[in-house]
Structures are given as structure tokens and as C-alpha cells.
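Q: What follows is each chain in one-letter form.
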Amino acid sequence: MTDSQTEIFIYTNFTSQNLTTEFANEAQKRKLNYKVSSCNFNQIIQAISSLPKKTQNRRVIFIITRAESFDEFYNFRNSIIETDKLHSRYSDFLEMLKIAVNNLEAEIHLSNLFELGSIIKARSNNHYSKFDSTRPVDQIFSTFISNHSAIAYLDIESSIRELGLEKSWNKSQDYLFRQPLSLELTKLLVYRFLSVIEIKDFTGIKIIATDADGTLWKGVIGENDASEIEVGHDYPGRIYFNYQMFLKDKKENGVILTLVTKNNQEDVIAFFLSRPDMPLKLEDFTIIKAGWESKAKSILEISNETNIPLDSILFIDDSEIEIDFVRQSIDDIQILLLDKREENRELQIAELSYKWSGGTTFEDLNRTDMLKANLRRKEFMENSDPTEFLNNLNLEITIGRITGRTDSRYERTLQLINKTNQFNMTAERFSSEGLVVAIEEGAVFYAELSDRFGEYGLVGVAIVQFEDFATAVIQNLLFSCRALGRNAEGIFFQEIVKSSHLSERDKIKALRYQTTKNDQTKDFYSNFGFQLINESKPLEKAELYHSAKNDISFKEYSAKVFWK
Amino acid sequence: MEKLVKMFARVLEVSPEEINDLTSPENVDVWDSLKFMQLVTEFEAEFALTLEVENILKLKSFADFKRLLSEKNALD
Chain A
1 MTDSQTEIFI YTNFTSQNLT TEFANEAQKR KLNYKVSSCN FNQIIQAISS LPKKTQNRRV
61 IFIITRAESF DEFYNFRNSI IETDKLHSRY SDFLEMLKIA VNNLEAEIHL SNLFELGSII
121 KARSNNHYSK FDSTRPVDQI FSTFISNHSA IAYLDIESSI RELGLEKSWN KSQDYLFRQP
181 LSLELTKLLV YRFLSVIEIK DFTGIKIIAT DADGTLWKGV IGENDASEIE VGHDYPGRIY
241 FNYQMFLKDK KENGVILTLV TKNNQEDVIA FFLSRPDMPL KLEDFTIIKA GWESKAKSIL
301 EISNETNIPL DSILFIDDSE IEIDFVRQSI DDIQILLLDK REENRELQIA ELSYKWSGGT
361 TFEDLNRTDM LKANLRRKEF MENSDPTEFL NNLNLEITIG RITGRTDSRY ERTLQLINKT
421 NQFNMTAERF SSEGLVVAIE EGAVFYAELS DRFGEYGLVG VAIVQFEDFA TAVIQNLLFS
481 CRALGRNAEG IFFQEIVKSS HLSERDKIKA LRYQTTKNDQ TKDFYSNFGF QLINESKPLE
541 KAELYHSAKN DISFKEYSAK VFWK
Chain B
1 MEKLVKMFAR VLEVSPEEIN DLTSPENVDV WDSLKFMQLV TEFEAEFALT LEVENILKLK
61 SFADFKRLLS EKNALD
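For the record, the sequence lines run as chains A and B.
Residue numbering for the first sequence follows our numbering, starting at 1 and increasing by one per position.
Residue numbering for the second sequence follows our numbering, starting at 1 and increasing by one per position.
If you're looking for bench data, these hints aren't it; they were derived computationally from the structure.
Remember, predicted model here, so these are calculated numbers, not experimental data.
Glycine included, each C-beta is placed from N, C-alpha and C at the ideal position.
Check before you lean on any hint, since a few could be wrong.
DEER-style ranges, computed between Cβ atoms [what the hints assert, rightly or not]:
(1) Asp324/A <-> Ser33/B: 51 to 59 Å
(2) Gly485/A <-> Ala9/B: 53 to 61 Å
(3) Gly291/A <-> Ser33/B: 29 to 37 Å
(4) Leu194/A <-> Arg10/B: 21 to 29 Å
(5) Lys35/B <-> Ser50/A: 46 to 54 Å
(6) Pro236/A <-> Leu57/B: 19 to 27 Å
(7) Glu346/A <-> Glu54/B: 39 to 47 Å
(8) Tyr191/A <-> Asn20/B: 31 to 39 Å
(9) Lys35/B <-> Asp324/A: 32 to 40 Å
(10) Val220/A <-> Asn20/B: 55 to 63 Å
(11) Glu71/B <-> Tyr153/A: 37 to 45 Å
Just chain A, same shape as in the assembly (with noise of 0.2 Å):
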């Protein structure tokens, strides 16, 4: 375990005490180490702004807006607003917000509170009905969410609809405090934040491990008959096989299926034997962990036979102890516990497909042949001795320039830049258009890798900007975890400066961030005789290389390289 903290900001434009307190204690309560905070009233844009862009921490904060909070329109309660000023006055605040959260290290959930309020006699073209002045502010926020990846919207008002609105708004405490959440509301929030949390960097997920009795079916294999085992298009069967069907489309789409389960193996794959009219069959599980060790031991082997990070990792069970257990012995991990609820369970599971349902790029859909490339490659290594080993892999790298968001490499690189923490000279994380941009204004590589066991895609990115006619600055270099260990890194690096696209500049500098993760880029640059000067912000732990391109000191290595 690291002694890394997640800190939780909860901004808000109206009092929010109570929803502070209530994660806190809820949080407590859970065992789970978060940091809360909240900001003053009215001052969300403020407190995004002054939060250092870096943090070593995971930091996640949630941003509930409500229109009848912005000071311009307190004082106008009941009586009419133009619709055009809300719409206005929401503009300049997500314009400001865009700005405040550029390159900011967090993870972004923005939320907007219509139902709880009585702004609701806008006017526009003679409607005079709340619905009818927020749905143009309701578009607003759309658009903006749209075009921000690294924002995400959080519907809470479907929360309030839940509740009704008579249980969710604390009118009292809404005129007194401007505090307008109830505590029922503040308990539903808490837990839909608890399970926003829980779910981080959701598309990173390369690996479903799942447990099996109470998860993929109602029913326990060692003690009910197979036909006593509930999965089907019946209640509670349909809730498992919908679950099953998830996993199957996850599967189609490139994520890697696991079983793990305290049961006897042979009584796992006699069970699946005998159901064939379940979505799942035993050849959808690329590994199987039957048995009765813990499952947090089944986990990391997981992750060690397939070379793929916990963090990367997303386990899935329906009980509290075995959650709980993982939880604690697995930093890293990912989990999601299902409630024990069932009905409840269609819910989380389309919150997972919708959180889920960002582009997949070539090497989502090939990973589960890159991952038996990956098993028939490891065998070749534990045979050979280390250069044995390199030279007969037959290692062909092709290196190429983004041209631009219509690139077909475009989505992969971006996911790269984003997902990639043990090779990252920076970990600077890049919304769509902070990509474009370093597009234009200066270049951006890709290293494609393949040896003689089969592709690896693409798994190098280097970004670079032209500081002036002389010099060319790699702002970040970065290459996924499953390609280390072949040079190939050091390759594409040395490809790019020795390039024609750098050919005109003749110093070189580098740009390197010590974070929790990238140990491994420390002495890349030195190795290559970059020396470290001093000039870079210090509070942000820059180092920042420099070296003449004729002093480098090129490598020899054995591998093919094209460029396209």
C-alpha cells in the first residue's frame, strides 16, 4: 500500500456544508483515505484556479452549479429572468471554467441543479415555464461537455426525480443558509459520488476479473443443482444474464475476461458444461482462477502472467468482505461491489456501459491476440539469455507523424498519452483539444511496434515543440509498459531527433517530471548524455535537459525502423 491520498473537492455556488460532512463521515466510515474540502460560496472558478496544475495524489472534484445562486441572480428570486442572461451568465461560467481546469491534474465532474429552485419564471418568446428557459442552458452544457474530454457531466437532477422534490429541497435551509440540499438528497449524493469515485480512469480498463456465485448467476455451484443456478430472461435470472451480456459486449470490444472465484475448478467448468443457454461460455475467460486462495493473490498473478497494471484492472463482485479485502491488499486495483440489491444492479451496470462507451482503437480490439503474442513471447525470453533474446526477436518499428484529429492513429494516441504511467517522462494528461493543438503548433509522433511473435500497435507517443529555429523542446515522451524492455523506447527517441523533421534545430532540450510512477524515465535522457540544467520551475519538480545534437551519444541497436 502507498500512503497516496485521494482528495475530494466538493464546489459548489450555494452553501453545501452538509454535503461536505456527509462524504466525509461516509467516507470515514468506509475505510476509505479521502481528503475533503469545499471552496466558499460562490467561489468554484476561484478555487479551481488556485489549485496547484500537478498533484501526486488522485484528485476528483465534483462541481454542482445552480443558476439562482450566481449573485447577479439571488436578488431576483421569483420574478422573472430573460432567458437570454441565464443563458449568458452560464457561457461566461463554463468559459471560465475551461480556462480555470486547463492542464489541471483531476478528474472533472460538473452538475447542474435546475430542479431545486424556484428560478422558474424565466421568460423567452412567451414561455413562461422553467422547463422552457433551461433547456437553452441544458444545451449549453452539452455542447461544452461535449467538446471537453476530461469533463464529464454528472446527472444529479435525475436524483432529485428519484426523491421527488418535496423530500430533496430544504426550503428553510435554502432562504436562511442558501443551503437547498435536503439530507436525503445530501445521502443519495454521497453514494452516487462514492460511486462515481470508485470507478476511475474507466477506460483504462484492460481486464474484467469477475467473481462468479452471486455475480454471473444467482445461486452457489457447489451447493445448488446446475438447474437450480438462476440465469435467464425471468426475474432475478434476467439481471445475471444482463450482466453476462455486458461482460460478452466488453469481451467483443477488447477488454480481457477473468474468472475469479472461491469454487473447485472442475465444478466451475462442469457448470458452464452444462448451461449453454447462458451468454457466457468458458472459452470467453482468457484466464481462469478457480480455487481457494484469496482472491487478492488470484488478481496478481493475473496481472503478472499478462503484464497488464492493476491499475488496469477492474474487479467486479457482489460481496463486501471479498471487495473490501482486495481493496486493502491491492492499491492499485479497480473495483466495483454490486448491490446487493438486484434490481439496482441494471442501473450500475448501464453506469458502466455509458462511462464506458468512449472510442476503441485497434489494439483494444486485438487485445486478446496481442495478450497469447505477449504469453508465447515471455516463454521465447525465460528460454533465451537477454541479447539472444533481442536479437531474435526481429523487432520492426515504424514511426510516423499525427497529422491531426482525422488521423485513424489520432484516438489511440490520445488514449496513450492519457492512460500511460510507468514510461512517462511527464504524465501530462491531454484533453482532445490540447492534442490538437500540439498538433499544430508543434509535432507529434507515434512509434507502431512488431516483432516475429506478432503486433504490439501502437505504443510510443513523443510530443515536441519548436521553441525557436535553433531548438526543439520534447515536451513528453511516453511508451505503454507491454513494449518495455526491448530498447524500442530508446529507438523511437533517438529516430525522431536524428530525423529531418528536427534536422534544422541543433539543441535539443527535454522535459521530465518525477511523479509516484515513472522511476524507470530517470536516467533516460542522462543516458543518452543530456545534462540536467535548472532553469524550470521548481515547485513543479521540472527537469528540464539540454544537450547540443551533436553531442548525443546514438546507439547502436537491432531493429528495423520505417518511417511513414
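Place chain B on chain A using the hints.
A: Same frame as chain A, now just chain B:
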């Protein structure tokens, strides 16, 4: 009653022995508007009540909270 004393002590960050009927912003330094809001929020949460504005405005001391509780028949 004990629950109310404990809640007051927790919010005002004093020992339960220091809480009595006269406890009010007049004699507790930390009892400012923010603490008052917290007292009301915790009071509602602890006793599962939703207070009306006029009730909240009458809450000037511990004794007032206690009286309101008896009116609402929520004393333990």
C-alpha cells in the same frame, strides 16, 4: 436529551459538560453564523426533522433547541 448535548458539544467543539440551557452565541466564541447553520443541519439530521423558517429563526440558545425538540416530541 443526551443526544442533543453530544451534538452541540461536537459541533461547537467543547466538552458536553460545558453545554447548558444558557449556551448561546453570547457565551460561546465559536458560535458564529456558520456554526449555527451546522447546528441546524445536524439537528435536523440527528432527529430526522425538517424545520420551518420561523422555527429556525427562534433558535437562539441550547434551551431553544431543547424546547423545539419537546414540541416536536422527538426527545429521547
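Q: Hints the structure violates: just list their numbers, smallest first.
A: Violated: hints 1, 3, 5 and 6.
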